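Top to bottom, those sequences are chains V and S. The first sequence: position 134 = 134 (our numbering), numbered continuously. The second sequence: position 308 = 486 (our numbering), numbered continuously.
Please keep in mind that the hints were generated in silico from the structure rather than gathered at the bench. Small disclaimer: the values here were computed from a predicted structure and weren't measured. Don't take each hint at face value.
[Said to hold, decoys possible] Straight line, CA to CA, 25 Å or less: simulated SDA-like cross-link-like pairs of lysine to any residue:
#1 V:Lys-154 - S:Ala-215
#2 V:Lys-150 - S:Pro-217
#3 V:Lys-150 - S:Lys-326
#4 V:Lys-150 - S:Gln-184
#5 V:Lys-154 - S:Ala-205
#6 V:Lys-165 - S:Glu-187
#7 S:Lys-326 - V:Lys-165
#8 V:Lys-154 - S:Lys-326
#9 V:Lys-154 - S:Ala-211
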Amino acid sequence: MPATLHQIETRAGAPAEDWRAIAATLSRYVRSRTNRADVVEDVVQETLSRLVHQSRVQTLVSVYALGFRIAANLLVDHHRRDSRYVAEHEEEPASQAPLPDRVLAGRQEVAILQEALAAMPPLRRDVLVRRRLQGQSCAAIARDLGLSPKAVEKHITRGLADLHKAMPGDARAPGGGR
Amino acid sequence: MNRESQIAEEAAAWIDRLNQPAFDAAAGPNFDAWMAAAPRHREVFADLQALWQSEALLQALGQAGSARVAAVAPPVPAAPARRTWRTVPRFAAAACVMLLAIVLILPILSTTTYSTGAGKSRSVVLADGSRVDLSGDTELRVQILPWKRNAELMRGEAYFDVRHERARIFRVASGTTSVRVLGTAFNVDRQGPTRTAVMVYRGAVEVGVAGKADVVLRKGDGARVVDGHVVAQPRVAAVAPDWKSGWFEASDIPLGVLIGKVRRYSARPILLQDRSLQALPISGRFHVSDTDRVLQAVQAAYHVDVAYGPNAIAIRPRGVAED
Numbered sequence: 001m002p003a004t005l006h007q008i009e010t011r012a013g014a015p016a017e018d019w020r021a022i023a024a025t026l027s028r029y030v031r032s033r034t035n036r037a038d039v040v041e042d043v044v045q046e047t048l049s050r051l052v053h054q055s056r057v058q059t060l061v062s063v064y065a066l067g068f069r070i071a072a073n074l075l076v077d078h079h080r081r082d083s084r085y086v087a088e089h090e091e092e093p094a095s096q097a098p099l100p101d102r103v104l105a106g107r108q109e110v111a112i113l114q115e116a117l118a119a120m121p122p123l124r125r126d127v128l129v130r131r132r133l134q135g136q137s138c139a140a141i142a143r144d145l146g147l148s149p150k151a152v153e154k155h156i157t158r159g160l161a162d163l164h165k166a167m168p169g170d171a172r173a174p175g176g177g178r
Numbered sequence: 179m180n181r182e183s184q185i186a187e188e189a190a191a192w193i194d195r196l197n198q199p200a201f202d203a204a205a206g207p208n209f210d211a212w213m214a215a216a217p218r219h220r221e222v223f224a225d226l227q228a229l230w231q232s233e234a235l236l237q238a239l240g241q242a243g244s245a246r247v248a249a250v251a252p253p254v255p256a257a258p259a260r261r262t263w264r265t266v267p268r269f270a271a272a273a274c275v276m277l278l279a280i281v282l283i284l285p286i287l288s289t290t291t292y293s294t295g296a297g298k299s300r301s302v303v304l305a306d307g308s309r310v311d312l313s314g315d316t317e318l319r320v321q322i323l324p325w326k327r328n329a330e331l332m333r334g335e336a337y338f339d340v341r342h343e344r345a346r347i348f349r350v351a352s353g354t355t356s357v358r359v360l361g362t363a364f365n366v367d368r369q370g371p372t373r374t375a376v377m378v379y380r381g382a383v384e385v386g387v388a389g390k391a392d393v394v395l396r397k398g399d400g401a402r403v404v405d406g407h408v409v410a411q412p413r414v415a416a417v418a419p420d421w422k423s424g425w426f427e428a429s430d431i432p433l434g435v436l437i438g439k440v441r442r443y444s445a446r447p448i449l450l451q452d453r454s455l456q457a458l459p460i461s462g463r464f465h466v467s468d469t470d471r472v473l474q475a476v477q478a479a480y481h482v483d484v485a486y487g488p489n490a491i492a493i494r495p496r497g498v499a500e501d
C-alpha cells in the first residue's frame, strides 16, 4: 500500500515540512523524466513509502540521495513494463527506443542540448561524452586525457551547468531566479 | 558569478558525486543539508538530475560523440600527391559511413534472444563458446561483439559457464543488478525488477547495483540484491544450481518470489493477488518443479488457501471466500 502524505507525517521521524519538501522535489524530478501523469503519481507515492520504511528500519546516510535512486529505478521498471506491453501486443521484439510521446517532446530538447554542446570547449564536450555516454569513471577520463581528477570534475560540473542554462522556461529559473 | 549559476554549479557538483560508484557516507548529511537549505537548491538539483539521466542528453551526446570520431577519422596522407587530394574527402566520407555502420548495425545484428516456456529448460552455446542453461519461463538476450559480451536476463533464471577471455568482459544485467565476469560459472535468478540472486560456482564475479559500489563474489559465495541493497547468502558447497534438480532453498524469502519460481515450471498460471501474502516470509526447501507438492506444503505450513480453478490456481488468505 502506498503511504499517503498524512501517514508519512505521523509515522516517520522527520518533521512534516521536511517530508513535504522531499515529496515536492521528487515529483519535480519525476515530472521532468516522464509526461505520463499516472506514472508520476505511482512513482512518487511508491518512492515516498519506501523512503519512510527505510528511514524507520535504519538511519539513512542521505534521505535525498536514496529518494532519487529509488525513483530512478522505479522509472526504469515502468519503462520496461511499458515496452514489454507494446511488444506483446504488436508481436515484435521490445524496442529500447523511448515511448512515442517522449520522442516528440524530446526532439526539441535534443536540438537545444546539441547546440549547447557545440558551443562548449571541445575538451569539456569530450569529458561529458566519456562520462555520460561511455560511462567512463572520472579517474579513467583523467588518465586518458592527461587531466587531473579535479579538472575532470570541474569540466563535468561546468558542462552540466551550461546545459542547464540552455534549457528553456520552467525547467529552469521561474521568473529569472536572479 | 550570479546566484543562479552558483546554485547550478553546486547542484552539478552534487550530481557528479552522487553518480560515483561509491557515495561517501560522510557526504550524505552534507548533501541533505544543502538540499534543505533553500527551495531553489532542491528545484535546480531535481532539474539537473532529470537532465543528466534524460534520453535527450544521451542522444545529443551521441551525436556530439560521433562527430568527434568523424573529426579524428579522416586519414590525411603525410605527403600527398596533387591528384589524391580530391579523393581524400571521399575516402574520409566512406570511412565515416563504414564506421557508423559498424557502430550502429553490428550490435543489432549480433543480438540473439533465447527463451523457454514454463516447465521447459534449454542449454545453449553462445558465439564465444560460453554455455548457458536456461530454467523455465526464462528470456535472455545476448549480444556478442568483437569488443564486449553482454547478456540481459529479461525474466527467469539462468546458469552461465563463461569462457575465459582476458580482453572481453562478459556482463549480465538483471533489472537493476549487473554481474561482470572474465571467465567463471555462476547462476543469476531474476526474482523481480529490483530483486536478483547471484550464486558463484567457479572463479569470481563482480556484482554492481545501479550506480552503487561493486561487490566481489568468489566460488561458493552467493548474494541477494534487493532494492539496491546487497545481502550475503549462506555459502554453498553445491556444484550446480538448485533449479537444475528442481529444488529451491528458501530462507526468509517473500512468498511472491517462491511462487514466481513455481510458475517457471507450472503448466497452469498461479495467481497471488493479495499484497500481504506476496510479502509473507517463507523458509524451507521446496521441490519447485512439482507444483502441487509446493502448494500443499505452503498451504499446510502457512495460513493460506489454494483454489484449483479450470484455468488457473489461486492462492488467498485463509477464510476469504471466492468473490
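Against the structure, the hints:
1. Pair hint Lys-154 of chain V plus Ala-215 of chain S holds up; C-alpha atoms about 23 Å apart against a cutoff of 25 Å.
2. Taking the CA atoms of Lys-150 of chain V and Pro-217 of chain S, the gap is about 28 Å. The hint is violated against a cut of 25 Å.
3. Proposed proximity of Lys-150 of chain V and Lys-326 of chain S is contradicted: the alpha carbons are some 30 Å apart, above 25 Å.
4. Between Lys-150 of chain V and Gln-184 of chain S, the direct Cα distance comes to roughly 18 Å. Compliance with the 25 Å bound is thereby established for this hinted pair.
5. Our distance criterion of 25 Å between C-alpha atoms is met by Lys-154 of chain V and Ala-205 of chain S, whose separation comes to about 18 Å.
6. With a CA separation close to 11 Å, the supplied pair Lys-165 of chain V and Glu-187 of chain S stays within the 25 Å bound.
7. A hinted pair counts as satisfied when its Cα atoms are at most 25 Å apart, and Lys-326 of chain S with Lys-165 of chain V does not qualify at roughly 36 Å.
8. Taking the CA atoms of Lys-154 of chain V and Lys-326 of chain S, the gap is near 31 Å; set against the 25 Å cutoff, the hint is violated.
9. The hinted pair formed by Lys-154 of chain V and Ala-211 of chain S meets the criterion: a straight-line CA distance of about 22 Å does not exceed 25 Å.
Violated hints, in rising order: 2, 3, 7, 8; the structure is consistent with all others.
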